[in-house]
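Novice: Here is what each chain is made of, one letter per residue.
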Amino acid sequence: MKNYFRYITLMFAVLFTVAMSSCNTGPKNDKGALGGNIAERSFVAPGELDEFYAFVSGGFSGQLAIHGLPSGRLFKVIPVFSVDAEKAYGFNEETKPMLNTSYGPVPWDDAHHPDLSQTNGEVDGRWCFINANNTPRIARISLSTFETEEIIEIPNSAGNHSSSFVTENTEYIVAGTRFSVPVPQRDMSIDEYKGNFKGAVSFIKVDSETGHMNINFQIMLPGFNYDLAHPGRGASHGWMFFSTYNTEEANTLLEVNASQNDKDYIAAINWKKAEEYIAAGKFTEMPANYAHNVYDESTQMATTTMMKTVKVLNPADLPGLVYFLPTPKSPHGCDVDPTGEYIIGSGKLSASITAHSFTKMLAAIEGQKFDGDAYGIPILSYEDVVAGIVEQAGLGPLHTEFDGKGNAYTTFFISSEVVKWKVGTWEVLDRAPTYYSVGHLMIPGGNSRKPFGKYLLAMNKITKDRYIPTGPELAQSAQLYDISGDKMELLLDFPTVGEPHYAAGAPASLIIPNHKKFYKLEENNHPFAVKSEKDARVERDGKNVHIYMTTIRSHFAPDNIEGVKVGDRVYFHVTNLEQDFDVPHGIAMIGANTSELLIMPGQTETFVWEPKMPGVWPFYCTDFCSALHQEMQGYVRVSAADSDIQMKWTLDGE
Amino acid sequence: MKKSKWIMLVAAILPLSLFLLPLWGITLEAPQYPQSIGMEIWITHIEGMNENDLQNINLMNHYVGMKEIPEHMPEFDLFPYVVIGLSLLGIVIGLTGKRNWYLVWFGIAIILGIAGMYDFYQWEYVYGHDLNPHAAIKIPGQGYQPPLIGRKLILNFTAVSMPLAGAYLLFLSMVLSVVAFLIDKKSNKGIVNVILILIIPIAMSCKPSIQEIAYGSDACNFCSMNIVDKQHASQLVTNKGKNYKFDAIECMIHYLEKNNESEMAYVLVSDFADPGQFLAAKEAVFVIDPSSPSPMGASLSAFSAGDFVKSEDTQVKTFEWSEVKEVVKEISVNNL
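Residue numbers (my numbering), protein chains in the order written: chain A, 1 to 654; chain B, 1 to 336.
No lab work stands behind these hints: they were computed from the structure.
Derived Cβ-Cβ restraints for the label pairs, each shown as a range:
{"hint": "1", "chain 1": "B", "residue 1": "Ala165", "chain 2": "A", "residue 2": "Phe75", "range": "32 to 40 Å"}
{"hint": "2", "chain 1": "A", "residue 1": "Phe43", "chain 2": "B", "residue 2": "Ser36", "range": "25 to 33 Å"}
{"hint": "3", "chain 1": "B", "residue 1": "Val126", "chain 2": "A", "residue 2": "Pro107", "range": "55 to 63 Å"}
{"hint": "4", "chain 1": "B", "residue 1": "Pro31", "chain 2": "A", "residue 2": "Pro513", "range": "22 to 30 Å"}
{"hint": "5", "chain 1": "B", "residue 1": "Arg151", "chain 2": "A", "residue 2": "Asp541", "range": "52 to 60 Å"}
{"hint": "6", "chain 1": "B", "residue 1": "Pro275", "chain 2": "A", "residue 2": "Thr145", "range": "56 to 64 Å"}
{"hint": "7", "chain 1": "B", "residue 1": "Asp130", "chain 2": "A", "residue 2": "Pro107", "range": "53 to 61 Å"}
If you want the ones that stay clear, here's a sample from chain B, every Cβ over 12 Å from chain A, calculated:
{"hint": "8", "residue": "Pro22"}
{"hint": "9", "residue": "Glu29"}
{"hint": "10", "residue": "Pro70"}
{"hint": "11", "residue": "Lys98"}
{"hint": "12", "residue": "Gly141"}
{"hint": "13", "residue": "Tyr244"}
{"hint": "14", "residue": "Leu256"}
{"hint": "15", "residue": "Ser291"}
{"hint": "16", "residue": "Val316"}
All residues carry an ideal CB built from backbone N, CA and C; glycine is no exception.
Kindly generate the complete structure, drawing on both the sequences and the hints.
Specialist: Here it is, written out as structure tokens:
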């Protein structure tokens with residue numbers, strides 16, 4: 001009897017243990033955070049610097065966030081497509097033109113895919129490019145000043161998603177259309193979409209010295225959805241690959257109607273051929289209207305030029321320009337391995353990943369082995385171009401990057417994981433869960449010829465329970481994995497700004513040497529700059545009052561101004577006379593219907609104030625600049641419109 | 001030509017390097033200036049070590065009312081002639097080959113060098129003391145004079161004043177003139193004399209000596225706080241002649257935990273009854289009295305053993321030097 005009792009107790013104990021362990025469905029690290037030295041590997045001790053920069057897209061914030069890796073710390077949010085009152089971006093007179101478009105000023109956009117400039121297929125640390133998805137634009141950000149220097153609008157396009165990817169010597173940035181539209185835009189029935197709407201892809205030439213962008217040509221493709229793009233490299237340099245979906249050309253309920261074809265295409269575009277056709281004059285010069293906004297570091301002013309034409313190539317008439325590679329299940333990601341041989345198409349409704357061979361593609365083109373055409377563009381046979389398939393790797397593959405050691409890493413949105421597989425043998429080597437629903441991933445240099453295969457950043461769409469909650473809107477998140485060993489190891493979760501789509505990464509040692517510490521006063525050619533306190537002054541020009549003001553620790557000059565009247569338009573042109581690292585000054589005026597200014601050493605910025613009431617109105621420095629920051633203030637006396645108070649400005653009574 | 005003559009000629013030409021190289025440097029180090037800022041003093045002008053350093057030093061200094069670093073000083077007009085004169089004189093002497101005159105030239109160079117240093121000190125004094133009475137930050141008793149040579153804590157900055165390449169070459173020039181004097185001498189008697197001349201000042205500078213504490217501006221070598229309390233300051237002088245000053249006896253004891261007391265020529269504590277006067281620690285009586293706080297919280301004071309009369313108060317405990325060290329260690333451990 002006693003023995004039975006013992007067995008029963010034992011059985012309960014076993015059952016209980018099994019039940020407990022099966023309940024434990026939370027995140028499982030093989031070793032647990034305390035089991036290994038996980039914390040240590042993402043820890044950057046106080047005073048130490050991160051090894052990599054990560055330029056993470058701000059998604060619907062419209063901005064670009066700079067994080068350090070491996071710490072995940074956020075260092076700066078660079079305003080790109082959205083106004084930023086903190087930095088006066090889009091508020092001060094200097095940067096207002098940056099947000100001009102053919103639709104007028106647009107204060108917001110949705111920024112998706114940062115990509116870094118390259119030389120010989122390697123990241124060179126000069127510029128970061130990023131696309132605006134909603135009102136199609138491409139921006140160029142200097143990695144010396146970490147400021148947006150240029151924005152170019154893309155005509156004939158909508159849903160600028162398969163953008164802004166950089167060729168291996170930064171010859172071109174591409175910008176493709178996700179939402180095909182009538183070109184040129186016209187009033188027509190939406191039901192006539194099929195065959196009438198167009199998907200333009202634009203090739204934007206980049207000046208190798210200045211980085212200035214101009215649209216060299218557009219290729220007018222059929223009305224599919226051009227989703228993502230990747231340039232060839234090495235042998236395939238000179239080609240650009242775009243994934244497509246909705247080859248059904250549906251214009252309503254796309255979630256069903258665009259998912260009918262078993263295969264869509266990857267469009268292979270020979271841009272060197274396109275250059276030949278342009279040189280031979282085989283293009284149409286099409287009327288257009290798009291904004292080109294350039295910030296000049298010398299005058300510290302942005303200007304907008306409206307561009308009026310664009311060169312268009314029609315692929316149906318130009319043999320050898322575009323081929324379609326059938327690719328299963330609405331491919332999303334379109335990625336090229338570091339050797340340039342394999343073009344990876346991730347059918348987002350599939351369980352497998354398709355790799356096409358560039359060599360086989362060239363052979364098929366050479367042999368004229370076409371399987372029909374779409375609107376005059378030859379379609380290659382799937383069997384002739386496919387190199388291999390990573391079978392049953394997960395569910396919903398999206399994006400692939402490479403570690404430079406022959407391995408590829410693909411994100412799976414539906415099964416919420418990163419899968420490591422071997423290029424060439426197509427075998428799955430490892431898989432790691434993400435929390436949750438990963439979109440893009442980024443390995444520094446991972447889309448170039450020379451990846452730095454130490455860390456992998458997975459950017460997630462959903463965080464749920466990963467952070468302390470902040471109401472219905474939760475933090476967006478990225479996760480850092482160590483990929484230096486055979487197995488991926490999750491090191492760190494960190495929140496990001498907006499929704500992180502794609503990111504770009506580069507070694508800090510590449511960026512730091514070019515980093516600008518401050519603007520030299522002698523190189524400041526701002527028309528309203530004053531370079532010494534003795535030149536500070538106030539000038540009246542009818543109703544416009546221009547205050548030429550200087551700021552240096554810890555005072556403004558002038559700081560007492562009289563003679564301003566109700567109804568005046570008062571321009572504060574403020575020059576920061578400091579010539580030292582990390583000494584910005586700010587300025588804000590009570591009741592001004594605009595943002596503060598935050599002026600870097602050696603810079604001049606301008607805000608406009610329209611005083612509405614007589615009185616004495618204070619302004620002050622908004623950046624805690626020094627021990628006597630609290631003393632850094634001034635007054636403007638505003639008199640009635642008909643007053644005869646003379647213009648007068650002083651500092652310390654002088 | 002004799003070897004000595006050549007050497008003398010090289011010695012005579014070396015001072016001309018001052019037209020190409022800076023003479024002296026003063027750098028300012030502070031946490032918010034991780035790449036320290038500084039100025040280089042040349043015989044013709046002062047310049048920043050990095051671009052804009054002078055503007056930034058002036059900006060910093062204007063808060064405490066210091067004048068701007070002068071763009072021009074009368075010395076800058078004079079020094080080039082002095083240097084050229086010294087060099088020409090050396091060349092003439094070198095060409096005559098009269099070795100005794102080499103020593104005379106050496107003497108002149110030394111005198112000029114000392115005069116230059118004295119002038120430098122005078123400028124530093126004025127620079128550090130002639131303050132604008134309307135300065136934003138005023139700290140009674142605080143001077144801002146940079147050290148003549150070495151390091152000094154001035155508010156949040158450590159000022160480091162050190163010779164630069166020009167000064168080293170000038171020194172080399174002087175040494176060479178002496179070498180030129182010695183090298184062809186048959187008897188070595190002269191060497192002894194010269195070595196003595198050179199050694200004595202060095203030996204003097206190394207002789208352990210007690211220094212006055214500049215209350216209000218000297219900082220504690222242990223806790224870095226300014227030394228203001230004359231009743232509790234203490235001082236160590238090493239056998240090599242280095243001085244360490246402390247704002248409290250407990251700071252000195254903590255310093256000795258990591259440094260060997262046997263290397264100290266003097267271990268000194270302030271006499272509580274005679275503020276500012278130092279006693280040898282071994283001849284003092286130490287009192288821990290909670291009603292009489294000391295700067296770093298140990299309530300520890302020292303009295304001359306001869307004058308000390310034991311109090312009847314049972315709260316007050318007295319110790320000898322060897323005992324008090326242990327007690328202070330324990331107090332700090334308990335406080336941790």
